[in-house]
Amino acid sequence: MSKASVSSVSICAEQSSRPIDPPVSDLDLDSTIDENFDQSAVNRAILMSLNRLNENFTSFTEQYQEDDVEIDSQPTDDHVENPENVDIQADIDSLIQSGGQVDRVSADITNANANEAEILQYEQQLDLNVDVKGPAISQKIGDLVNKLRLQRVSQDQAKAIAKRHNTPENVQLCLPKCEPSIWNEIPGKARVTDIKFQSTQAALLGSINCQLEATNSLLSANVSKDVLNSCLDGLTLAMTANYELNQRRRDAIRPQFKAEFAKGLCSTTSPADEFLFGGDTAKRVKEMAEFNKHKVCKGTTRIFRMCPSTSESKQPKAHSQLITSDPEILDNIEHCHIEFIADPSKYSIPGHQYFNVHQHDIISKEVDKLLQLGVISKSMHAAGECISPIFVVPKPDGSYRLIFNFKRCNQAVLYRHFKMDTLAAILSLVTPGAYMASIDLKHAYYTIPIADEQRKFLKFVWNEQLYEFCVLPMGLTSSPRIFTKVMKPVLATLRQKGHINSGFIDDFYFQGQEFSDCAVNVSDSVRLFISLGLHVHPDKCALIPSQELLILGFLINSLLMIVKLPLEKKVKLRDLCLQALRGNKLTIQFVASVIGTLISALPGVEFGRLHYRNLERDKINALARNNGNYRAFMHLSEAAKQELQWWTTHVMHASRRLRHPVISYIFQTDASDLGWGVTCTTNPQLQSQGLWTSEQRTLHINVRELYVVFICLTIFGMEKSDVHIKFELDNMTAVSYINHMGGCRSSACDTVARKIWAWCISHNIWVTANYIPGPSNVVADSLSRKHLSDHEWQLNTDIFHKLSKKFPKFSIDLFASLLNRQSHSEMSGENLSRPSRRGFTGPCMAHTNMVPSSSTDAHSAAKAVVVDPSSGLIETPIRQGSQHARKTEVDGMSLVRQHYQNQGFSDHITGVLLDSWRTSTQKQYASYLKKWNLFCRERKILAHSPTLNQVLEFLYTQLHLSYSSINSARSALSCFLSIGNFPVGKHPIVCRFLKGAFERKPPANKHHAIWDVQTVLAYLKTFTPNSGLSLKELSHKLTMLLALVTIQRKQTLIHLNINNGCMIQSDVQFVFVLDKHIKQSRPNYSVPPVIVPRYNLDSDVCPYLCLEAYLEKTKHLRQSVNLLVATIKPHRAIGSQTLARWIKIVLAGAGIDITLFKPHSTRHAAATAAYAADLPVDEILQRAGWSNATTFRRFYYKGVIE
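Okay, so the sequence shown: first residue is 1 according to this note's numbering, each after it adds one.
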């Protein structure tokens, strides 16, 4: 392959007009395939084309390159045409004689002290010699200019500067646009050039606006002659440069015009205004075209052209098609610019490397090969270069691979998240009986050239010779995204023809339902790839459509609709597991490689996810014991060995189904502190609920949510097979553990998930899980909170023990559950096979047919559930026949609701009374009310009418808590309990008890000083630029800046809303109007808006700019109108706990002791810093929401820690 065939960017090549022999005529399957096609003939045609492609590939690419567009270098008449120079002296005289009066937008500002005599002496000078130096200026200004001469400011910073300086209303200054009738006809390369000109011109116009503001201000002040002359000189030269830049833009587009139109369109007598070629461009283009009966432009040659179609006459047809006009893609094709967020030169590693003789020969051969392909070139040392090391790694076949280590250089590269098709995307396309094919590109990255000015960042040294990459290298963090983005319009063009395809970097998948469909798909794709200068790898392509295809290391079979590992990979994986089993002491690195191999095989092994988590835990624990040393030795646990044994037994015949049965049942499940509930949305008759045992209540809620799924399967799935059951849960962790068949973080959750899947495998059932919000899971939630105590009767324990001594040992506890059983034999309380209201706690019988199914009863009971819309809490009316008059729910504020209802208040009145407590207060009280209800149930106390001693006993059980927590418990009980004529919280004895509790508690160690805000701001300055930060980093930065600049509580910040009317943006600030009640909300008090100002002194910590960047980054991600959203999908609004965690992360990163200072300390620190900066106390009080200065000085004003 020639050097030009790889290094040149033939993607941008123009179509040739000379006749050529069609090189891929054998691929013209349209004329070969008919209704009675001969498949073998088609196969032979494809193979012949492939052989020919392999033998003459270089010549094919060269034949499809068009000749460059010839640009007439001879000047035409209009180049000589020079308008008269603009004489600005009269304008200056008029300006000076006006006495410095300047028209402004809203008012006239007059300065009578303007020195007219000095300004009249101003002379325009055009004969400038830039080599002649003037007097020295301020060293700081000089250093700044010298720095900007060598370094470019970021685009975000340049845009931010330009936005601060707008064009005055009475100045006709704008960025000229190319008239659409011309823009749509010129080729993409010309458009890319003009776009770059526009970028430069936009910066120039921004500088002119700055000079206009400065000159306007100087005219209103008594300044010296030299100062004013310098400003006017700069303004004159800048406008001259702008005029010349418009002419250069015209000259760049001029070669695309036909000769008869170029002079008229590019004439200097039609200066640029709103449009580059003058305001009447459209009219002139139309007149010229009608007069000459021709188009103005030479042709419609575009970037990304299709190659000539071959026909029976073997004459090329000039058929071109526009693929993309994306400026970024066009830039990548012509000269790719890598986006850097820091100076790469500081990551350079210029040291020498040492290799053995064998490695030295390998590297030398690889470097020579890359030189011949034009991938690299010899280079010289340059300022600001970045040199990266190289090394070799062994291949499985015993050879070595040369690796360019850009790891340090990648730290300076901007990372952009992007979507890339994977094996999962390919598998989702496969349909039963489909035909498939694949194409592999050779040297894919090497078809993307690197911009000349950035090649110095991609250098390496070999044999004391410096080399640099001319094309996109492997190992650069942005290379996959760049090439994927370039190929997206190529695949989209093929999809517009009805073809099915998918691409993973340089591997491409093609599909057709019939053999002919796939063959045409391959034919069109090969033609397009070759015409774009891409190099098809013949040895790795599967151009013959087949119903079994090897792609990305897996075999896809569309007849059986399975995916599996190739035989050689199966054997390798089995041998690797056997090697691990036979080893007594294994290195952690070897175990990690085994785990990596197992994970890579998961797409082809149905239940492989169930059999590697213990191995992973062993590795994690071994790393922790050995301080991260992968060379240390470790032992495998028995559980890990069992997993390896499973792989050795099953991998040889393992596969994975591409499609599973259609969903037959959808169950919604929920778990509460009291019990669990299950309901079926596809069959409402299927419902069940039950209570947790005391042991099960101690389990984490995530584990209990998973247990409910297992209960549901054992109740309703016992007699089902080959079905697909879907579970809807309001717990994301449980959903993840079910769909991923376990996890490594929680061994308890993993155990239950494995138990679920083991049961499903034994019953041939496939399960999936989906997350639903809590408000959508009402029925299951209500069932989980039911307490039907009349179902849990038991004999008196003392009498039971006496009977046990007198009679033989009982073997069956017939109607027992796990809650009330007294016999602990295996037959008691363990049968979960029949539908039961209690599931895990359901009674066990020898013959379940003797007891009717309880699903109907459960369904009727569920109908009695009442959901109060005002509070969102659930009340369960008591069934008739119960010995208790009424039963209330143990959760939340239902005790308070029952208290008001017992007094005869209606539901709507009760709802209003409950709303008197805010949601945060209700949540705080709910935990203590739950404890009170459980306390009463265990001691058989009536929750609404306890004695004083019983209340004190309950408070005594809470003495291990802080005094404020005990006080909250007292307040919660006071909501509905009264003893005598006193609310329970104000009873003298209860007050005395609380005083004694206070005396028992040691005084809290309150901090009398606060951390320095500047310490945190210095840390936040490292989070730059805003556009280069990840969503997580940007969220943390914005949260801390908002907390400091607004001095608001967490509750207020999470309620900031971006809806119209709630968020108002101006050039200097964001204003948020709160549409929800916050802590300081009260009657007859208007909560002031939250203001986020612009901070011009330091853009790195400007909350305004950070908020702008955050809104832009979350624009297409957010699922909520709240300002702050989660950093992970589905990007919903965050709560106060998440916001507090973000603040703690920033504080810890800044070196603040988070064991001493909590997230709420931001109010102390911000208020203290504001007061130290002489901000008026009244303004501090207004921003923070304090009613008087005493609150601020007593609780929030602290000294700053040195």
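Rather than coming from a laboratory, the hints here were simulated on the basis of the structure. A portion of the hints provided could be inaccurate.
Unchecked claim - The following label-pair restraints were derived from C-beta to C-beta distances: (1) 909 <-> 422: 55 to 65 Å; (2) 345 <-> 175: 50 to 60 Å; (3) 1156 <-> 964: 12 to 22 Å; (4) 916 <-> 939: 38 to 48 Å; (5) 213 <-> 342: 55 to 65 Å; (6) 327 <-> 1015: 40 to 50 Å; (7) 226 <-> 418: 51 to 61 Å.
Stated by the list, open to error - Think about it this way: if two alpha-carbon atoms lie no more than 27 Å apart in a straight line, the pair counts; the simulated BS3-like pairs of lysine-lysine are: (8) 159 <-> 177; (9) 802 <-> 140; (10) 419 <-> 485; (11) 189 <-> 570; (12) 930 <-> 1001; (13) 497 <-> 369; (14) 419 <-> 1115; (15) 805 <-> 407; (16) 163 <-> 1115; (17) 1032 <-> 1129; (18) 488 <-> 1129; (19) 940 <-> 986; (20) 940 <-> 930; (21) 1032 <-> 995; (22) 540 <-> 189; (23) 585 <-> 189; (24) 395 <-> 569; (25) 147 <-> 177; (26) 133 <-> 196; (27) 1032 <-> 940; (28) 365 <-> 456; (29) 585 <-> 569; (30) 585 <-> 570; (31) 189 <-> 159; (32) 986 <-> 923; (33) 931 <-> 1021; (34) 407 <-> 369; (35) 940 <-> 923; (36) 572 <-> 540; (37) 570 <-> 485; (38) 196 <-> 585; (39) 485 <-> 365; (40) 1129 <-> 923.
Ideal placement from N, C-alpha and C gives every residue a C-beta, glycine not left out.
Evaluation of the provided hints:
For residue 909 and residue 422, the hinted distance range of 55 to 65 Å is satisfied, since their beta carbons lie about 58 Å from each other. Taking the beta carbon of each, residue 345 and residue 175 are about 33 Å apart, not inside 50 to 60 Å as hinted. Judged by the Cβ atoms, the range 12 to 22 Å given for residue 1156 and residue 964 holds: they are separated by roughly 18 Å. Our hint of 38 to 48 Å for residue 916 and residue 939 is violated, since their Cβ atoms are close to 30 Å apart.
Remark: the range hint 55 to 65 Å for residue 213 to residue 342 is contradicted by a beta-carbon distance near 32 Å. Separated by about 42 Å at the C-beta atoms, residue 327 and residue 1015 satisfy the suggested range of 40 to 50 Å. About 54 Å separates the C-beta atoms of residue 226 and residue 418, a value consistent with the hinted range of 51 to 61 Å. Pair hint residue 159 plus residue 177 holds up; C-alpha atoms about 19 Å apart against a cutoff of 27 Å.
Between residue 802 and residue 140 the CA atoms are separated by roughly 98 Å; this puts the pair beyond 27 Å, and the hint is violated. Pair hint residue 419 plus residue 485 holds up; C-alpha atoms about 9 Å apart against a cutoff of 27 Å. With a C-alpha separation of about 50 Å, the suggested pairing of residue 189 with residue 570 is violated against the 27 Å cut-off. In summary, the hint linking residue 930 to residue 1001 is supported, as the alpha carbons are separated by about 24 Å, within the 27 Å threshold.
A distance of roughly 39 Å separates the Cα atoms of residue 497 and residue 369; the hinted pair therefore is violated under the 27 Å criterion. With a CA separation close to 17 Å, the supplied pair residue 419 and residue 1115 stays within the 27 Å bound. With a C-alpha separation of about 76 Å, the suggested pairing of residue 805 with residue 407 is violated against the 27 Å cut-off. For the given pair, residue 163 sits about 21 Å from residue 1115 by alpha-carbon distance, which is consistent with the 27 Å threshold.
A threshold of 27 Å between alpha carbons decides the hint, and for residue 1032 with residue 1129 the separation of about 12 Å falls inside it, so the pair holds. Restraint check for residue 488 and residue 1129: satisfied, since their Cα atoms lie roughly 25 Å apart, inside the 27 Å limit. The straight-line distance between the Cα atoms of residue 940 and residue 986 is roughly 25 Å, inside the 27 Å bound, and the hint therefore holds. A hinted pair counts as satisfied when its Cα atoms are at most 27 Å apart, and residue 940 with residue 930 qualifies at roughly 15 Å.
For the given pair, residue 1032 sits about 46 Å from residue 995 by alpha-carbon distance, which is inconsistent with the 27 Å threshold. Between residue 540 and residue 189, the direct Cα distance comes to roughly 33 Å. Violation of the 27 Å bound is thereby established for this hinted pair. Annotation: proposed proximity of residue 585 to residue 189 is violated, straight-line Cα distance about 62 Å (limit 27 Å). The hinted pair formed by residue 395 and residue 569 meets the criterion: a straight-line CA distance of about 15 Å does not exceed 27 Å.
The suggested pairing of residue 147 with residue 177 is violated, with an alpha-carbon distance near 32 Å, which exceeds 27 Å. Proximity of residue 133 to residue 196 is assessed by CA-CA distance (about 31 Å); at most 27 Å being required, the pair is judged violated. A distance of roughly 51 Å separates the Cα atoms of residue 1032 and residue 940; the hinted pair therefore is violated under the 27 Å criterion. Between residue 365 and residue 456, the direct Cα distance comes to roughly 23 Å. Compliance with the 27 Å bound is thereby established for this hinted pair.
Between residue 585 and residue 569 the alpha-carbon distance is near 25 Å, which keeps this suggested pair within the 27 Å criterion. At roughly 24 Å between alpha-carbon atoms, residue 585 and residue 570 fall within 27 Å of each other, so this suggested pair holds. A threshold of 27 Å between alpha carbons decides the hint, and for residue 189 with residue 159 the separation of about 25 Å falls inside it, so the pair holds. For a cut-off of 27 Å, the pair hint linking residue 986 to residue 923 stands: about 22 Å separates their Cα positions.
Simply put, residue 931 and residue 1021 have alpha-carbon atoms about 47 Å apart, too far for the 27 Å limit, and the pair is violated. Simply put, residue 407 and residue 369 have alpha-carbon atoms about 23 Å apart, close enough for the 27 Å limit, and the pair holds. Restraint check: the Cα-Cα separation between residue 940 and residue 923 comes to about 26 Å, which is no more than 27 Å; the hinted pair holds. Using a Cα cut-off of 27 Å, the hinted pair residue 572 and residue 540 holds, with the two alpha carbons roughly 21 Å apart.
For a cut-off of 27 Å, the pair hint linking residue 570 to residue 485 is broken: about 34 Å separates their Cα positions. Restraint check for residue 196 and residue 585: the C-alpha separation of about 62 Å exceeds 27 Å, so the hint is violated. With a C-alpha separation of about 32 Å, the suggested pairing of residue 485 with residue 365 is violated against the 27 Å cut-off. As the CA atoms of residue 1129 and residue 923 are separated by approximately 26 Å, the hinted pair is consistent with the 27 Å bound.
Hint check: violations occur at hints 2, 4, 5, 9, 11, 13, 15, 21, 22, 23, 25, 26, 27, 33, 37, 38 and 39; the rest are consistent with the structure.
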